[in-house]
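Under my numbering, the first residue of the sequence shown carries the number 866, and numbering increases by one thereafter.
Hints listed in this document are in silico derivations from the structure and should not be mistaken for laboratory results. Honestly, I wouldn't trust all of these hints.
Said to hold, decoys possible - Derived PhoX-like pairs: lysine-lysine, alpha-carbon spacing no greater than 25 Å straight-line:
#1 LYS921 <-> LYS947
#2 LYS1136 <-> LYS1161
#3 LYS947 <-> LYS925
#4 LYS1166 <-> LYS1153
#5 LYS1136 <-> LYS1166
#6 LYS947 <-> LYS928
#7 LYS1161 <-> LYS1121
#8 LYS1136 <-> LYS1121
#9 LYS1153 <-> LYS1121
This structure is a prediction, so every number in the text was calculated from the model and none was measured.
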Amino acid sequence: MVARFILSLIHGPILDPGKLMPTILRYKIDSRTDMRTPTSSDLQLESTSETSVRIKDVAKRAKVAPSTVSLALSGNGYVSDKMRQRILRVANEMNYRPKMAARLLRAHSTGYMGLVINAYKADALRSGASSTDYRHVGWQITSFLEACRNEGVRHQVEVIQTPSQEHKGVSELIEGGMIDGAVISGMVESDCPLGDLLRDKPQFPWVSFDEPADHCVLSASEQGVEQAFQYMAALGHQRVAVTFGDVNCLQHAQVKQGFDAAVNHFGLITKPNWIAQFQGSLTPALRKEETQWVQKLLSAKDRPTAIFCGGIGTAAIVMHTAALMGIDVPTQLSVIAMGFGVDASSHAPVPTIVERDHVAMMAAAMSMLRVRLQGRSVEQPVQRFVPNLIHGQTVDRVSK
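Take the sequences, apply the hints, and build the full model.
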């Protein structure tokens, strides 16, 4: 059965996107199977005190004219994104969100935004993987919930776990009219039923998250990787190595692209045997292959002073192998990895990482989706965001 969650945000400060386990926010999980289109009664406030908040109250708090608040809340008119976000934040603080949901209802919509995550990957099955890596799902759900809270709209999350669910679960949401639009993540298979369904429903507004599409938000990971090498070069590192996975995957292709650009732009020195591509799922056999490569690389008299790893797992192998060989990280070897902060924090030393800016990407996806819902053309339908360099404990200047 499709894992469907309707998570209603009750109250509390915005969840730190670096923490996957919410400790302050509370969610109500609704496991209904007879889903229906919400009615106006579903959107009624639980207390009458919140209903007294009016547009002029928001305007007074935000120190703008009531007409400016109306334009910002409706998404129409010439209101800058910065001003609009400030007004939405004030409206949110004053519990004006249900008014926004009611506005959506008056426009003959459900008031629900969807996040559809295709957690199933056919290539993982082909390579013998026994399970799916769900870490990225947690990040995306967290950033989606935060964006919905800021927008003041209700939300629904659909996680596809097997290929048989791709058409059934999503078609219930889209064809059943349960959501007005959706952010789509993980539509990577060219022939996946999810993609076919969306293409067959051109009237349904959706935005792709970190996968190329007509309307999408993407991580400019190659720029983040290049900047990471620039940072290492500034610390005196000239001899560098890199690892990445299957370049048919966008993220790994971007790691290679960023590395190649850095070598050309900063005069870095590398060798063919310092560049490793590890393809396939994270199986014990693959980890053994990575370990053997690291042992050979670090045991050579002529070795790099810095390594960029395409994943946290590889970085952990590099650090562990280096420690066994008596090579200190970071004074004798610097390590940077592509990954998530929550994964990095579980290792010692904590690796410096290049982390995709999921919060900014999701906020942009929701903003683009809102424009599409209003039937307006999107001025910039493809938007790219440079990842953040998160400093850890694994990078230092080259020892003399």
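Okay, the hints, checked on the actual structure:
Among the hinted pairs, LYS921 with LYS947 is consistent with the structure: their alpha-carbon atoms are about 20 Å apart, no more than 25 Å. With a CA separation close to 14 Å, the supplied pair LYS1136 and LYS1161 stays within the 25 Å bound. About 18 Å separates the Cα atoms of LYS947 and LYS925, which keeps this hinted pair within 25 Å; it holds. The suggested pairing of LYS1166 with LYS1153 holds, with an alpha-carbon distance near 22 Å, which does not exceed 25 Å.
Taken as a hint, the LYS1136 and LYS1166 pair is honoured in the structure, with Cα atoms around 14 Å apart against an allowance of 25 Å. Distance restraint check for LYS947 and LYS928: the Cα-Cα separation of roughly 14 Å lies within the 25 Å cut-off, and the hinted pair is therefore satisfied. Note on LYS1161 and LYS1121: the hinted pairing holds, with a Cα-Cα distance of about 21 Å set against a maximum of 25 Å. Note on LYS1136 and LYS1121: the hinted pairing holds, with a Cα-Cα distance of about 14 Å set against a maximum of 25 Å.
At most 25 Å may separate the alpha-carbon atoms for a hinted pair to count; LYS1153 and LYS1121 meet this at roughly 22 Å.
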